[in-house]
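Peer 1: Read off the chains here:
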Amino acid sequence: MLKIIKNRLDQGYRTSSYPKQPIALYERFRGRPQINRQCDPALIRQCAEACPQEAIDAASGAIDLGRCTFCGLCEMQSQGKFVQFSQNFELGVATRADLITDGSYADLAGHAKQHFKKLFGRSLQLRQVSAAGCNACEADTNVLNTPFFDLSRFGIDFVASPRHADGIHVTGPISRNMKAALLTTYEAVPSPKVVIASGACSISGGPFYGSDEIVGDLNELLPVDLYIPGCPPHPLTTLHALLTFFK
Amino acid sequence: MDNLLQIANGEVVRRADIPDVSVETFGMTLAEFVRNGGFVVQFFAFAENGITRLLAVVRNDRLYVTSCVVGAEFPSLTGWVSEKFHMFEREIAEQYGIRPTAHPWLKMVRYHRNYSGADDVFGNDYGGEEIPGKYGCFTVEGEAIHEVAVGPVHAGIIEPGHFRFQCAGEEVLHLEIQLGYQHRGVERLLPTVPQRRLPIICEAIAGDTAIGHNLCCCQALEALAGLTVDVGARIVRTIALELERIANHLGDLGALSGDVAFNPPAAYFGRMRGDFLNLLQVLCGNRFGKGLVRPGGVAFVMGDEQRKLIAAKLEEITPQVKNVCDLLFSAHTVQARFENTGIVSREMAEDLGLVGYAGRACGLPYDARVAFPSECYAELPHNTNQMTSGDVYSRATVRREEIMHSLALIELLLQRPETTAKAMMMEERRLAADSLVVTINEGWRGEIAHCVLTGADGAIVRYKVKDPSFHNWTGLAMSLRNQGISDFPLCNKSYNLSYCGFDL
Ligand code: SF4
Ligand code: SF4
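Chains as they are written, first to last, in the numbering used here: chain B, 1 to 247; chain X, 1 to 504.
Calculated from the structure, these hints are not laboratory results.
Some hints could be false.
Unchecked claim - On the chain B side, residues computed to face chain X include the following (Cβ under 8 Å):
id : residue
1  : Ile23
2  : Tyr26
3  : Thr141
As the list claims (entries may be wrong) - Once the Cα atoms are required to be at most 30 Å apart in a straight line, the calculated DSBU-like pairs of lysine-lysine come out as:
id : chain 1 : residue 1 : chain 2 : residue 2
4  : B       : Lys6      : X       : Lys308
5  : X       : Lys308    : X       : Lys422
6  : B       : Lys6      : X       : Lys322
7  : B       : Lys6      : X       : Lys313
8  : X       : Lys134    : X       : Lys107
Note that CB positions come from ideal geometry on N, CA and C, so glycine has one too.
Looking at chain B on its own, in the form it has when it is part of the complex (with noise of 0.2 Å):
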């Protein structure tokens, strides 16, 4: 007993008091692309046949974030002449065209659906639906249960049953083998629901677009309200995603 009591004084208190005061991650972390199209349009050539996910438009040098990876390829490639990552990691958005970025960010508050505000802002209940995730984008969302990020104080949980939840949370590409299960779970939930697409992968097949084996692209089965891009992402942006969207 005095050893749980000593180790707890130890560990002291350790929840992270975001939103409330910003946080800064380390500048290693890749968030907001920052985009100059003024740069030499040779140099924006170069990163898109570079890119190994095709996340970069050449012509008009605007990045998908539903495809990028985050690898950072193209800022070393660019020398950060065309491309420079920021460190901010808010990068939720409500529509999948919102992701082809140009360097403008659309304002997610504004976007998110009024309705879903008053039905979810108090108590938000979501089924996670791993669909071929490769377990990381799964880790990083479980992690919100950990004292630092305490997902619960803001009234949202992850739980069991899709007939307690008030919608899904999907992670991975979609494997073929996958898909019954996942939409059994959608139906499972109760109406009315949201769909939240989570990961490179789940909203458009992530490192394994191509392959026969995955659908890739979960707006093709179910409607999407919420996309948070990143392979994974950082759990930040998923906690600003749920609470700039319910809240």
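For this one, chain B is given, so just place chain X with the ligands on it according to the hints.
Peer 2: Relative to the frame of chain B, chain X with the ligands by itself:
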């Protein structure tokens, strides 16, 4: 060792040098090797120019390779020689439609259409509806017997898979684990994509092992492209692999505490796991180390600033890790739940070929960092564990020891002055033609092995991936024999195997 070619970890061999024997000799050679205490690292089929071959990579204290041409079937080694072959043979049947005759329990591995266009060995038609889980599980009969089915969608935030328990009251007589829900077609995809996508896909084979799998991939590409990696980069890669190990072990010790309802350490471990993921973020900007390892070195140089940040964090957190481990392991209630739960005997572990801490907890000392050292491991001290009773307690203890050992390794590596010359960018490179390379690393779960075969033009013709979970899922099933069903979560967490790493 006739009919076997000795190879080295991460070294290119010409395919022409690989023994090409008859399917009978192939079987006899492997049988003799495994009966003499050998283990199977890789065993798979590949097709080229209309000819299908089997290729096996086996190990004792060295690595060997052999191959043969195969027809529509071959005599199964599982029933005849050892269970070590059972999963590999099922995989060959599913991937190429080749039947291992007299396999004692031939069933699907991942539920997908085969690569060769031959008739499906299991009679499934993947052109029509999706049929994951289509399989009549093994059943136990009797009035007092009941069945518990769990999954594919589980209660928590975890990956999908199906578990079927045959129980008499609380006691589990048999657990069958049927996976495949996570199948993304990784091995099919890898040879078809440009090189620049390979590390990104390999980092996503199992996200909790992003460093481990991608290291195997990059080492293979380096060998085939003739790239050397400087010491500075090797140091960073070794540190990253150890950070990954610590983060995952800590997370699992936390989950084990949670499963026995001892909440304080569960919360502390969860938080400390995050601290280690954040150190990977210090190295490369991603909490899972995605984007860090690239052919030729690393994409992010570890400078003085990063070195200091990591060192300072380690100094702060090491005593906390020690204390929280002590808190968990010295609680009698915890010991009572961990000890003698989910036992796998050494003999069983050897028969199944368990790897990583699952094997070490049963007394199989194999650690790829020691046996086939890559990166900086040849120069580093290794850990030998004494606790080998094969139960949850042993698996937890091995992980505790490995956490402390990895912390010490990172400390040693941080003292090294070398820095890598430059950050490596992903480029397309010409690969050695008609070659084979096998890369092995000790990921946190155990032996990861990638095997890459190139054709006449240097293009990749076959990319074979093996996650340690491929061996160890059967270990979990055996742990549950004659165990209370309520002990399942505990047993499961003591292994914490990968679904997507297995399903590929
Ligand atoms: S950071 Fe995104 S856009 Fe840039 S190269 Fe990587 S995947 Fe492509
Ligand atoms: S988006 Fe990235 S982290 Fe998430 S499941 Fe896909 S590969 Fe894994």
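Peer 1: For every hint, state whether the structure bears it out.
Peer 2: The hints, checked one at a time:
no.	hint	in the structure
1	Ile23	violated (12 Å)
2	Tyr26	holds (5 Å)
3	Thr141	holds (5 Å)
4	B:Lys6 <-> X:Lys308	holds (29 Å)
5	X:Lys308 <-> X:Lys422	holds (19 Å)
6	B:Lys6 <-> X:Lys322	holds (13 Å)
7	B:Lys6 <-> X:Lys313	holds (21 Å)
8	X:Lys134 <-> X:Lys107	holds (10 Å)
Violation of the numbered hints given earlier is confined to hint 1; every other hint is satisfied by the structure.
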